[in-house]
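Student: Given the coordinates of chain W, assemble chain X onto it according to the supplied hints.
Each chain, written out:
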Amino acid sequence: MKRLNYRVVIFIAALIFGVVFSIPSLIQSKEGKKITLGLDLQGGLHMLLGVKSDEAIKSRLKSIAGTIKYIMEDNDIVIDDLAVEGDKVTFKVLDSDDIPKAKELLKKELEGVSVLENQGTFTVTLTPKEVARTKKQAIDQAVDTIRNRLDQFGLAEPTVAKQGTDKILVEVPGIKTPADEQRIRELIARAAHLQMMAVDEDRAARVYSMSPAEAKKYGDVILPDVKNPKEKYLLKAIPILDGSMLTDAKVGFDRNNQPVINFKLNGEGAKIFGDFSGKSVGKRMAIVLDNKVYSAPVIRERIGGGSGQISGNFTIDEANDIAIALRSGALLAPVYVMEKRSVGPSMGADSIRQSMIALILGFVLVVIFMVIYYGMAGLVADIALVGNLFLILAVMALFGATLTLPGMAGIVLTVGMAVDANVIINERIRELLHEGASIPKAIEEGYANAFTAIWDANVTTLISAVVLYAYGTGPIKGFALTMSIGILASMLTAILGTHGIYQAFMDKITRDKLNFWFGIKA
Amino acid sequence: MELFRYKKPIDFMGASRKFGIVSLILVLLSWGLIFTKGFNYGIDFAGGTLIQLKYEGEAPLKKIREAMAKSEAFKDATVTYFGSKNEVVIRTKTSSKSVGKDVGDEVRQMLKDTGKFVVRRVDMVGPKIGNELKEKGLMAMVLAILGILIYVSVRFEWRFALASVLALVHDVSIAMGAIILFNVEVNLDILAALLTLLGYSLNDTIIVFDRIREGLQKIKDPDLAGIINESITRTLSRTVLTSLTTFFVVLSLFLFGGEIIYGFSFTMLVGIIVGTYSSIFIASPLLMWLGFDVKAFRAKQAEKLKREKEKEKMRAMYEQGTI
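Line by line, the protein sequences give chains W and X.
For the first sequence, my numbering begins at 7 and goes up steadily by one.
For the second sequence, my numbering begins at 5 and goes up steadily by one.
Because the hints were derived from the structure by calculation, they are not lab data.
No false leads were slipped in.
Only part of the chain W face toward chain X is listed, based on derived beta-carbon distances under 7 Å:
(1) 343
(2) 347
(3) 349
(4) 360
(5) 367
(6) 372
(7) 379
(8) 422
(9) 425
(10) 426
(11) 458
(12) 462
(13) 467
(14) 469
(15) 470
For each label pair, taking beta carbons as the anchor points, the in silico distance ranges come out as:
(16) X:80 / W:274: 50 to 58 Å
(17) W:230 / X:73: 29 to 37 Å
(18) X:73 / W:288: 56 to 64 Å
Cβ atoms here follow ideal geometry from the backbone N, Cα and C, with glycine treated the same way.
Extracted from the complex, chain W is given alone in its bound form (with noise of 0.2 Å):
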């Protein structure tokens, strides 16, 4: 074979990778990169969610408050007033000597705010570049938790990513049922923000004829017990301590053998957790989960060590569900839902089943013509097809694309546009053997011509690829991905396999076979 140019051996080299890295996708092997089938050929859950990044500022000036409740008690300056009203925290210091200490201790232990004074009256706010830090983090502590809480549900493969600046992507394959949707669902948007509050015990009494604007008068809130929303607790407002000091919480049993979660917090939490407990002996503390009471029992004796008990009626599932968003950290800033998409299983295998159908007879019947109408040339344009339908294949498995219908879709349609390339070269051919050009020459120059309008072509279907890759969202991306994949490659397959297996023949063409070979009397 002195004929095996360098032409024929990129072609058979690219078939060979082109096999080889698409064998894992089409046989589904456990092994080797494959391609990852789209949710809605797999069926699944696909969410867009939206983080109230609002709600993360307030949560911060909450625990703000708490943490200034707590350093003034202990420093012994009596403040009065404490409250968070919109976006900032205020407090008076009673005795006016206190003051200048007040403000260095509040200088020493917070960071990112600035504090105003005026006889007295302090007015605590975050600075603006504190406000975008905070809702940065929120998102990100967002995305975090909610991958963390996925990851321990154990599901296969979900994927949580930030888009754009505020919105986050869920993707969860392979969910069976709606009954596993909903703890999924419910997983994801549970605040898992855990407080310890105290009972206000001098009005608790009274809680049952009180407004929430009242209650609020007395710096408490009103907070329903979660199994019966009847009951109410009359709540101190800012919370002895929050989740954020919490550093791990497990499933348990009570003494009836009930699943409870047992959590653990840490130094700074445990500290506050006991001098509270042992100042408040005999008073009822709550344990309040998302804004509802979980349990308020009578603190009996000082709780040191820093662990503590939620009990609630619970089943195993949702005391399990509860125990991984609380380990896996509160949501510093609700999440809503923008788009969810959600696809069952046997929908996916029905749409798999049917573009396969339409892919193989749409490919089937351009194969078929192509070989009618050019004979040999049309064999070697559909080996050039081939050819490319593994490349696509393999480049896809390669970058870990998903294949999404609409992507299939762009499958079919470039093998519909990929034989063009060969067209246009045969064209061209057929009409210099027509005007009697030598079959050498013919060849040669038959791909000269065409070569610019390939190239053009395809640059700008490309142009417009790239553009609908950069704007697209999720399955147009898809295509997009395909289609420019698919163009590559047929110019690849097309333009210079082809050639180089003309090269290989040329021997074997002779002006009594050019029907046979181009599908053309002369």
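Tutor: Just chain X, lined up with the frame of chain W:
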């Protein structure tokens, strides 16, 4: 086999006025539809919820509608068969923001007495996202066209660029008109189809333009109509063949790809027909109507060539060290 063997140029340009008028009418009608009736936006763009159910046996449309009517949130929902009589889709404008609660669950509850079914698909798109997608889609189209304009201007000439983009607008307009006329729901996949169409139809046009560009250099006679006729005739077999193969595949998608890909394949089908027509009958005449001047083009090309040669000469002289 040979369908079109070149013998002599076919006089496409002679009939260009007639085709131009037909196209103008079609485009204006399409725009009329776009501005009066408007698109039937699906949930991707309008926001709302789509729920697809598959019943065991025929879906009891009447029962489903009755059950829906009882609910406040779903009383305006539309229920239609989807592909077969076993499957239905329910469309509503409602969407839920809560992550924990789900419209799909509500529907499951509501319809539990209507027969045995599985929920195959629940799509919910909030209104904000819908608008964002619309803006992005439009942006993508504009940018793609801009990119094409620039590339073709550089590689050909500005009139070629303008003519190819006008032909694109022509194709996309008519495809949009057909989408409205046949009441196809406009979702993301339709947008994808329109953008593909952009690439496809452009592909077709560029191949013809490439031949014209070649003809401008080879054919002595400076008669533009003649050059165009010759070029179109010579590319005719390629245009028809490629359109045919693409048409085969899209047709098989349309016929066997199932309901879910119907909108996409329909749009592509229309697009291929219109795109092929326009690259033969519209794009090249546009070149003429835009006042493309063969002599001026040749003069410019000659000038360019001369300048290049001079540069070459200068370079050669520099390299030899003499000026």
